[in-house]
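Spelled out from the first residue to the last, the chains are:
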Amino acid sequence: MDRETEARLVGGLQAGDPTAFDEVYAAFNDRLFTFLLRLSCRRDVAEDLVEETWLRLVTHAARLRSDTTLGSWLFTVARNLHISYLRSRKLEDTVSSDLVGLWPYGVQRSSPFEDTAANQLERRVERALASLPSRSREVLLLVAAAGLSPTEAASVCGISPEAFRQRLSRARTQLTRALEAHTDVPASVRCEVVP
Amino acid sequence: MNDPIVDLVARLPRASVAPDRARRTQARCHRVLARRAPVHRVAPPLRWPSWSPALIGLAILYVAEAMWTAAQAYGIR
Numbered sequence: 124m125d126r127e128t129e130a131r132l133v134g135g136l137q138a139g140d141p142t143a144f145d146e147v148y149a150a151f152n153d154r155l156f157t158f159l160l161r162l163s164c165r166r167d168v169a170e171d172l173v174e175e176t177w178l179r180l181v182t183h184a185a186r187l188r189s190d191t192t193l194g195s196w197l198f199t200v201a202r203n204l205h206i207s208y209l210r211s212r213k214l215e216d217t218v219s220s221d222l223v224g225l226w227p228y229g230v231q232r233s234s235p236f237e238d239t240a241a242n243q244l245e246r247r248v249e250r251a252l253a254s255l256p257s258r259s260r261e262v263l264l265l266v267a268a269a270g271l272s273p274t275e276a277a278s279v280c281g282i283s284p285e286a287f288r289q290r291l292s293r294a295r296t297q298l299t300r301a302l303e304a305h306t307d308v309p310a311s312v313r314c315e316v317v318p
Numbered sequence: 027m028n029d030p031i032v033d034l035v036a037r038l039p040r041a042s043v044a045p046d047r048a049r050r051t052q053a054r055c056h057r058v059l060a061r062r063a064p065v066h067r068v069a070p071p072l073r074w075p076s077w078s079p080a081l082i083g084l085a086i087l088y089v090a091e092a093m094w095t096a097a098q099a100y101g102i103r
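Just so you know, the sequences run in chain order S and W. Numbered continuously in our numbering, the first sequence closes out at residue 318. Numbered continuously in our numbering, the second sequence closes out at residue 103.
In case anyone wonders, no lab produced these hints; they're calculated from the structure. Ideal placement from N, C-alpha and C gives every residue a C-beta, glycine not left out. Hints may contain errors.
Stated by the list, open to error - Estimated spans, in silico, between C-beta atoms of each pair:
id, chain 1, residue 1, chain 2, residue 2, range
1, W, 60, S, 258, 22 to 28 Å
2, W, 62, S, 171, 39 to 45 Å
3, S, 189, W, 60, 20 to 26 Å
4, W, 44, S, 126, 30 to 36 Å
Stated by the list, open to error - Short, incomplete list of chain W residues facing chain S, as computed with Cβ under 10 Å:
id, residue
5, 33
6, 36
7, 39
8, 41
9, 56
10, 57
11, 58
12, 60
13, 62
14, 102
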């Protein structure tokens, strides 16, 4: 989303324009939900948290600054809500992944063979990702699934870009180990990740 | 970001909120926006009618006369 569009949408939200809200919703809802789903590993929790994130946006819309970066704002709120949820439930990293619940609606594949092969890899990655500590999982998800730049992702986590880079590097190593522990990882991936 | 591990995570299918839940969320947000959207009322410009200074003058005279009379009645003046 370019700066001009973003500024227009922020202006629309400040004025309480529902069309501007719908545009922002369409642009970010799936990314926010995917982020929260893989972070919490629970569909019901992710649905509640994503709804709460949108409600926070409309409640605070009038107070948004004109130069607000919507992606960073939304993912910061979503992340904080997830942290509050973990604290309230005292779950921390003991959650188990409900892989069936992770599957999205309407994924199109060209053949049953490709479907099976792709699903096997996806399942491995999902399982490995779910086994990581939530701090590591969130940094990977912010740059990979949410599509934020490392600088934006660092501001979402409330840390410096350098600290974020280190955390991301640690997360990559953990994910590689988790993938190797589960089953084969493509060789190209494995050799590039080894420090 | 050109990183095979990050790409592996990025290639995972994106999930969607159940459609009816998404509709409910949007409707709730629209209601919140509608509640706090500014209402543009056109207020008429403030203008004194042409006869009001005369009326104010008369009122001041009346009050002054009433105070003068009251002062005389109490023997202050």
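We went through each hint and held it up to the structure:
1. Taken as a hint, the range 22 to 28 Å is violated for the pair residue 60 (chain W) and residue 258 (chain S), whose Cβ atoms sit roughly 39 Å apart.
2. Between residue 62 (chain W) and residue 171 (chain S) the Cβ separation comes to about 23 Å, which falls outside the hinted range of 39 to 45 Å.
3. A hinted range of 20 to 26 Å holds for the C-beta pair residue 189 (chain S) and residue 60 (chain W), which are about 22 Å apart.
4. For residue 44 (chain W) and residue 126 (chain S), the Cβ-Cβ distance of about 33 Å falls inside the hinted range of 30 to 36 Å, so the restraint holds.
5. Annotation: residue 33 (chain W) was flagged as interfacial toward chain S, and the flag holds, the nearest CB pair being 7 Å apart, inside 10 Å.
6. For residue 36 (chain W), the interface hint holds, the least distance from its beta-carbon to any beta-carbon of chain S being 4 Å, beneath 10 Å.
7. Of the supplied interface hints, the one on residue 39 (chain W) holds, with its beta-carbon coming within about 5 Å of a beta-carbon of chain S, less than 10 Å.
8. The closest approach between the C-beta of residue 41 (chain W) and any C-beta of chain S is roughly 4 Å, which is under the 10 Å cut-off, so the hint is satisfied.
9. Look at residue 56 (chain W): its Cβ gets to within about 5 Å of chain S, closer than 10 Å, so that hint holds up.
10. The closest approach between the C-beta of residue 57 (chain W) and any C-beta of chain S is roughly 9 Å, which is under the 10 Å cut-off, so the hint is satisfied.
11. Satisfaction of the interface hint for residue 58 (chain W) is found here, the shortest Cβ-Cβ separation to chain S being roughly 4 Å, below the 10 Å cut-off.
12. With its C-beta approaching chain S no nearer than about 7 Å, residue 60 (chain W) sits inside the 10 Å limit, and its interface hint holds.
13. Because the closest C-beta pair between residue 62 (chain W) and chain S is about 6 Å apart, less than 10 Å, the hint holds.
14. Among the interface hints, the one on residue 102 (chain W) is violated; its C-beta lies about 58 Å from the nearest C-beta in chain S, farther than the 10 Å criterion.
When the structure is compared with the earlier hints, violations turn up for hints 1, 2, 14 and for no others.
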